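Here are the chains, one letter per residue:
4 protein chains.
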Amino acid sequence: MKKTQVDNCEDVLLSMRLIAENLKEVVDRLDKKSIKIMIQKILNSKRIFLMGAGRSGLVAKAFAMRLMHLGFSVYVIGETTTPAVQPEDVVIAISGSGETHSIADLGKIVKDIGSTLITVTSKKESTLGRISDIAVILPSKTKNDLDAGGYLERNMRGDYKNVPPLGTSFEITSLIFLDSIIAQLITLTGASEAELKSRHTNIE
Amino acid sequence: MKKTQVDNCEDVLLSMRLIAENLKEVVDRLDKKSIKIMIQKILNSKRIFLMGAGRSGLVAKAFAMRLMHLGFSVYVIGETTTPAVQPEDVVIAISGSGETHSIADLGKIVKDIGSTLITVTSKKESTLGRISDIAVILPSKTKNDLDAGGYLERNMRGDYKNVPPLGTSFEITSLIFLDSIIAQLITLTGASEAELKSRHTNIE
Amino acid sequence: MKKTQVDNCEDVLLSMRLIAENLKEVVDRLDKKSIKIMIQKILNSKRIFLMGAGRSGLVAKAFAMRLMHLGFSVYVIGETTTPAVQPEDVVIAISGSGETHSIADLGKIVKDIGSTLITVTSKKESTLGRISDIAVILPSKTKNDLDAGGYLERNMRGDYKNVPPLGTSFEITSLIFLDSIIAQLITLTGASEAELKSRHTNIE
Amino acid sequence: MKKTQVDNCEDVLLSMRLIAENLKEVVDRLDKKSIKIMIQKILNSKRIFLMGAGRSGLVAKAFAMRLMHLGFSVYVIGETTTPAVQPEDVVIAISGSGETHSIADLGKIVKDIGSTLITVTSKKESTLGRISDIAVILPSKTKNDLDAGGYLERNMRGDYKNVPPLGTSFEITSLIFLDSIIAQLITLTGASEAELKSRHTNIE
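Residue numbers (the working numbering), protein chains in the order written: chain A, 1 to 204; chain B, 205 to 408; chain C, 409 to 612; chain D, 613 to 816.
Honestly, the hints are just simulated from the structure, not real lab data. Check the hints yourself; a few may be wrong.
[Claimed, not checked] Only pairs whose alpha carbons sit at most 25 Å apart, straight line, appear in this in silico DSS-like list of lysine-lysine:
#: 1; chain 1: B; residue 1: Lys312; chain 2: C; residue 2: Lys605
#: 2; chain 1: C; residue 1: Lys605; chain 2: D; residue 2: Lys736
#: 3; chain 1: C; residue 1: Lys605; chain 2: C; residue 2: Lys519
#: 4; chain 1: C; residue 1: Lys516; chain 2: C; residue 2: Lys532
In this text the structure is predicted, and so the values were computed from the model without any measurement.
Just chain A, with the same shape it has in the complex:
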């Protein structure tokens, strides 16, 4: 790829603006009831477990880290010292398609245990969407939408040019959605930013 000369970065700026636009459209389409129940379940939980694969797994970890800063007992499925899930625990799955093989499998185990399963996804009619106690739907294009396209993006521009590929739209939206859940949890718990910082790892 060595001979390509980079003359401008217009696509970068345009993509960022499209993402900001997309985000505002998503906000208008959110179902408030499922979000309220999700926040209530988090507040009432004894322990919270996060899971996700690939980039959705990274979003799950980013949310878990902030919940820890807020003082919740929180674990990421697959990490070293994560204990067994118990019936009274809340498990939150992040999956754009709601069909990610390993996560859907784990979701079924979670329901067999009897724990509460919350899924953040863009597909209500998906394996994870159907088996979850609560599914929060973030309307987004996912990596399985090669043909159909995310309707939001399609409405916006009529094509995909300058829109980040695969499930990017869902991953960005879910990160921002979950960070905004944190903003409301801060209001509800009255946590100060100094308190959060005191729990932030001090050896990194």
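Assemble chains B, C and D onto chain A, guided by the hints.
Chains B, C and D only, in chain A's frame:
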């Protein structure tokens, strides 16, 4: 925290809208020259290494995953099969403050090896900002800005209420910025979404 | 647990000696043919993928790291920049019981893709043992042998006292077995220790 | 490497036997006093943090997982939901050379915080060995002993042939040592194998 009753989710929606607004302001303040050089260095690289701590480390991994989907030889510092860095390699550090202890230390080693160091940060005048070959500045509040506050957010509302805490603003902005770099790399390399998907892990 | 007074460390020393004895017994029971084929498959491979869950996953990573030091193209399933598995790739699964849910599932996908699947396990008659192209059997107690007990340990002492719990015996044996595969690969490839060290990560 | 024909696996078997021999020699050279203090500190701890880089980091994680199964509050430095270290915490570092850059740096921070630092290493006279409250010495060759060689191995055979490379000897010895610490902790706490299994992750 069990007795709190969640009556609404207005903070979630407001925070998401503020993040979208903030993002648009950031786009207007970006330095195009450093972005163009960053893209050129990525295109000319033989191998790319990503590094970051905490949530910035998650952003680094999200970018690395997409570069792999695009066909680049890319590694994350600290993962199992990441090889030794060579002088002809490009190392990209993600650090909001530019001062994260372990990453700044590794940045010095990278410069001793003689590799190219690119830092994505919100602080030009930081340890990493100073020693990097290229520093791309994303104006954002970071976790060390407890007192001063991010000027963007302050301009916008005069206070912090409803804005996600610590370095959230930088982490979201850097994820979206890097995903938009991917959008431009797709244009420049002519990669199709189907090609990207063919490299996406098929056993997750 | 605060009041326990530690007067001696005899259990530590005894356990270490039992593990050393156990290891020698295991060596006498190994099937040389499957080991030879495993080494041949590794030498002939274009790319190698490792997978395992929990402590077996850590053993998988330890082996992957040394294969990288030896110059092989090697990836760990689940890490950030691990690409899609292709039919010509070799996938090595580490599972004491051969029944670990997620790994057995991934093993089936690996066989559907048409790649070569090698399993290191203590149970030939297990899901992974049955579907693998090669199964190298390391006779050991696993975490599912609460009642039956590892016959090696039982032969040796008649009970479990001082023997590390759950699948520890398999995990130790598999780490040592795989490090000894590395020893033979060094002989076969003529790699020097200095060459290995040159590939060892230089920024940790 | 495609043309090499694998005719035997004698090096594998020989290496495994050498490792078993080596292990027995190490046991005879252990300092019982430091081991007793280490066990006492673990029993008295409120929370335990593990850290290590590369393969020593994998050993640290394997130990952390078993401590969790035993019911201890235990964290791995660098994982997602690991909280800030407090003065009353115990931090255990695993480092063959005692000089691993990042871990020695973190060790200094741990001592600045005022926490208890335990190092498992093969070098008493190393950075980590010197600053630790307790250093448990496991006599082994490490990855920095290219010239001098591990005296145990040298005494045993006069050369390195068939001995796994770099720090392998330390990594194996430290895994077995720490699993044997677990064996003694089981005796001291009276934990049953069924209790351990009940804490083992149930969604993997």
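Here is how each hint holds up against the structure:
no. : hint                  : verdict
1   : B/Lys312 <-> C/Lys605 : holds, 21 Å
2   : C/Lys605 <-> D/Lys736 : holds, 23 Å
3   : C/Lys605 <-> C/Lys519 : violated, 35 Å
4   : C/Lys516 <-> C/Lys532 : holds, 16 Å
Of the numbered hints listed earlier, the single one contradicted by the structure is hint 3.
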